[in-house]
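So the chains spell out like this:
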Amino acid sequence: MTKRLFTWGGSFPSSAVGAGAGASNTGFMAMKGGSATAIVDLLEVACSGTGSASTVGCFAIRYSSTLGVTPTALAQPGTDGPMNSAGQAIASPVVVYFAAATAPVISNAVTLPTLQIGINTFGGIYRWNASPTQQWTTIGNAVSGGESVLWNSSTFPNASATATANAQMLYEPY
Amino acid sequence: MNKQYGYLFVDHRASPGIPEDMARKMGYDPGLVGEGKLFEGDVLHCAHCNQPYIKNHLRTRERYYCMGCSGDYICDMCNHERLQPGYVHLPFRKIKELVGAGDAVAVRLGSNPLLIPTK
Numbered sequence: 001m002t003k004r005l006f007t008w009g010g011s012f013p014s015s016a017v018g019a020g021a022g023a024s025n026t027g028f029m030a031m032k033g034g035s036a037t038a039i040v041d042l043l044e045v046a047c048s049g050t051g052s053a054s055t056v057g058c059f060a061i062r063y064s065s066t067l068g069v070t071p072t073a074l075a076q077p078g079t080d081g082p083m084n085s086a087g088q089a090i091a092s093p094v095v096v097y098f099a100a101a102t103a104p105v106i107s108n109a110v111t112l113p114t115l116q117i118g119i120n121t122f123g124g125i126y127r128w129n130a131s132p133t134q135q136w137t138t139i140g141n142a143v144s145g146g147e148s149v150l151w152n153s154s155t156f157p158n159a160s161a162t163a164t165a166n167a168q169m170l171y172e173p174y
Numbered sequence: 001m002n003k004q005y006g007y008l009f010v011d012h013r014a015s016p017g018i019p020e021d022m023a024r025k026m027g028y029d030p031g032l033v034g035e036g037k038l039f040e041g042d043v044l045h046c047a048h049c050n051q052p053y054i055k056n057h058l059r060t061r062e063r064y065y066c067m068g069c070s071g072d073y074i075c076d077m078c079n080h081e082r083l084q085p086g087y088v089h090l091p092f093r094k095i096k097e098l099v100g101a102g103d104a105v106a107v108r109l110g111s112n113p114l115l116i117p118t119k
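Residue numbers (this note's numbering), protein chains in the order written: chain A, 1 to 174; chain B, 1 to 119.
Just so you know, the hints here were simulated from the structure itself, not pulled from any lab data.
Every value quoted in this text rests on a predicted model; they were computed, and no experiment measured them.
Possibly wrong hints are sitting among the right ones.
[Unchecked claim] Under the rule of at most 27 Å between Cα atoms (straight-line distance), these lysine-lysine pairs were calculated in the DSSO-like manner:
{"id": "1", "chain 1": "B", "residue 1": "Lys96", "chain 2": "B", "residue 2": "Lys55"}
{"id": "2", "chain 1": "A", "residue 1": "Lys3", "chain 2": "B", "residue 2": "Lys94"}
{"id": "3", "chain 1": "A", "residue 1": "Lys3", "chain 2": "B", "residue 2": "Lys96"}
{"id": "4", "chain 1": "B", "residue 1": "Lys119", "chain 2": "B", "residue 2": "Lys96"}
[To be verified] So, partial list: chain A residues that the calculated Cβ filter (under 7 Å) puts toward chain B:
{"id": "5", "residue": "Ala19"}
{"id": "6", "residue": "Pro113"}
{"id": "7", "residue": "Trp128"}
Each residue gets a CB set at the ideal place from its N, CA and C atoms; glycine is no exception.
Only chain B is shown next, with the shape it has when bound in the complex:
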């Protein structure tokens, strides 16, 4: 079943748009954010680090999904972490539950999160 994606809308229909070099650094296709262009796209979110990604429809490399997260998308960095020895599965959803319940304090988020238990 397809997962629902986030939505991105970048409107330069009444604007000079973003120069090609800067657009590339931002992760945009320069042809879609130039003068007079409207860009709409899907946004993926990593289930482990919560980083949003503009979906690259031209990507041919494999994307990674975590079966421990019901098949949710995970980013390349988190997939690398997941394959390390001693890795403990700690998805972002779990971090929210632990901190929200007061069972832990988040010291650092991202692909290498650090929580301190409070109990």
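So here's chain A without its partners, still in its complex pose:
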């Protein structure tokens, strides 16, 4: 299907694995499959620090062990759309959000992967591109694989400060 870009910028309060992402049910970027058979390939993650003082943002991506409850409909400064203006939406669109009634809980299972995206948000820039067949993939829409969350981790490796950044996730849903 058409590749899409999910972007958001703002404050990312740090939180631990095994706990809700961010703080006050916002301050993260989550992406959940639209159905039990949905497959979402995450092809690129980029993050640009917008801090006004030296702060290390320990951004990371993991699957959630409890899905976010009642995701808030995407609104500015978040955006999500096809990179091809003529692209068609799939029948069950991917659910992307940065706030919810209850934030997703980051899985603390050691057997689940972690994508580290640490930078100093005072001028730091991060970009990760997957090579073909080596994408970060979300499968279905259940826990431990159906929802990926980008957040500021206080577990890897102990970020304690709120980091501010603009981030984007380039993905392709099936």
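Assemble the complex: chain A is given as a structure, and chain B must be docked to it using the hints.
For chain B alone, kept in the frame of chain A given last:
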């Protein structure tokens, strides 16, 4: 034939960079993510659990490759799983095919995946 790797770009050329202790915990070489530094590197992906890894060019231990996955790289944890008695080869690509076709539901991914057949 060399496999194509992912690409990692970490730019602190206009930034104070990441302190050494935190950089080590993140898996970075501290000398490459400090003030004024630009780090570009290859990223390996495990064919079984899909975990991305920054390629460590200083590694002297053997890396593992799965002949059942056309010689793709697999991580240390998945290689350990692969060597256990009763192991069933279930690469990530196969999981995608099964779930995408509606033949199974993924309960858990990672190096010890759990699928439930739907048929």
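Consistency of the hints with the structure:
no.	hint	in the structure
1	B:Lys96 to B:Lys55	holds (25 Å)
2	A:Lys3 to B:Lys94	holds (22 Å)
3	A:Lys3 to B:Lys96	holds (18 Å)
4	B:Lys119 to B:Lys96	holds (16 Å)
5	Ala19	violated (19 Å)
6	Pro113	holds (4 Å)
7	Trp128	holds (5 Å)
Checked against the numbered hints given earlier, the structure breaks only hint 5 and satisfies all the rest.
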